[in-house]
Amino acid sequence: MSAPRNTPTLDGATMPVLSTEDDVDAVPLRRPWRWISALVVIALVVAFVYVFATNKNLDWPVVGEFLFDPRILSGVGLTLFITLVSMVVSTLLAIIVAAMRLSSNPVLSGVAWFYVWAFRGTPVLVQIVLWGYLGLLFEKITLGVPMTDVVFWSIDTNTLITPLVAGLLALTLNQAAYSSEIVRAGMVSVDEGQREAAYSLGMSPLYTFRRVLLPQAMRVIIPPMGNELISMLKNTSLLSVIAVLELYTQASMISAANLKQVELLIVVSIWYLFMTSVLSVPQYYLERRFGRGTTRNLPPTPIQRVKAMFNSRKPGPAPAPETNFVEVVGE
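Just so you know, the sequence shown maps onto residues 63 to 393 in the numbering used here.
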């Protein structure tokens, strides 16, 4: 920057004004490879979509025909029902199991550990089949006095444990084992001083868990629980092995009749992608709600970004005129 030059004023004083003729213009760093890599990725995606869309072995009219078929829609409804029921019940059970794991009672802690060990250590497909074939082990489910002939209530096992009930039990109990570890990790993430402060105020362990620890742990619990919800949605397809008429089972029955296996798999994939996208919305807003205390300013939501984009195009108020601040040198 050059030296200041003096500018005379009306009263004879001089005011130095800095010259900007020799200022350095900052130029943003050029990154050509960023644009080149973006163009390469776009070209590959377009090529994949083109090859897939123009494949002569795919009967796309069949995809459109069965996308909203009543049997497919009934499978979608049953899939969502199984997912929501299993996640709600398994979450409640997971909180109980996590509390037992954190308990100082060795019996409660040991039972909870064995439960998690057993259900996490065996494949969920095996558990589904075992619950579906429970009638082979127990012909009747009875309620009475053990080791006596006194029976208060009895029912045939296959009548009570239908394929749908067996699938719900298998998915719920398996998911509760995984979710309990997520809840326990959230509990451990809370500072130990919070628990000590609650105990010093006379709060009971259960009240402390429910009103102090759990609300703070939700910030850690929500993201993995959202992933478990999506995983549960896709695991419902495993219930086809016990003939539960969810989405994948319905599509398999249709494809067995018209021999359009790939087309029906595309229909199933479209519906799973749609349901996964819808279920991701509440997870996003729950993460924002429980993450309010960690950042000063939350990032804008997608709706807020769209509104800001449209508002930026509207003409705003005229900018204020620039003022040159100069130092007045005395006479």
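These aren't lab readings, by the way, just hints derived from the structure by calculation.
Just so you know, these numbers come straight off a predicted model, no measurement behind them.
One should not assume that every hint holds.
[As the list claims (entries may be wrong)] Label-pair restraints from in silico Cβ distances: (1) 115 to 224: 38 to 44 Å; (2) 171 to 272: 28 to 34 Å; (3) 135 to 158: 33 to 39 Å; (4) 188 to 285: 53 to 59 Å; (5) 150 to 175: 53 to 59 Å.
[Said to hold, decoys possible] Dumping the calculated DSBU-like pairs for lysine-lysine here, alpha-carbon to alpha-carbon at most 35 Å: (6) 118 to 296; (7) 322 to 118; (8) 296 to 369; (9) 322 to 202; (10) 296 to 322.
Ideal placement from N, C-alpha and C gives every residue a C-beta, glycine not left out.
Hints, verified against the model:
Distance hint check: the CB atoms of residue 115 and residue 224 are about 42 Å apart, consistent with the given range 38 to 44 Å. Roughly 19 Å separates the CB atoms of residue 171 and residue 272, a value that falls outside the hinted 28 to 34 Å. As the Cβ distance of residue 135 to residue 158 is approximately 36 Å, the hint placing it in 33 to 39 Å holds. Our hint of 53 to 59 Å for residue 188 and residue 285 is violated, since their Cβ atoms are close to 28 Å apart.
At roughly 24 Å, the beta-carbon separation of residue 150 and residue 175 lies outside the given 53 to 59 Å, and the hint is violated. In summary, the hint linking residue 118 to residue 296 is supported, as the alpha carbons are separated by about 29 Å, within the 35 Å threshold. For the suggested pair residue 322 and residue 118, the alpha carbons sit about 14 Å apart, so the restraint of at most 35 Å is met. Note on residue 296 and residue 369: the hinted pairing holds, with a Cα-Cα distance of about 34 Å set against a maximum of 35 Å.
The suggested pairing of residue 322 with residue 202 is violated, with an alpha-carbon distance near 42 Å, which exceeds 35 Å. A C-alpha spacing of about 22 Å is found between residue 296 and residue 322, which places the hinted pair at or below 35 Å, so the restraint holds.
The structure shown violates the earlier hints numbered 2, 4, 5, 9.
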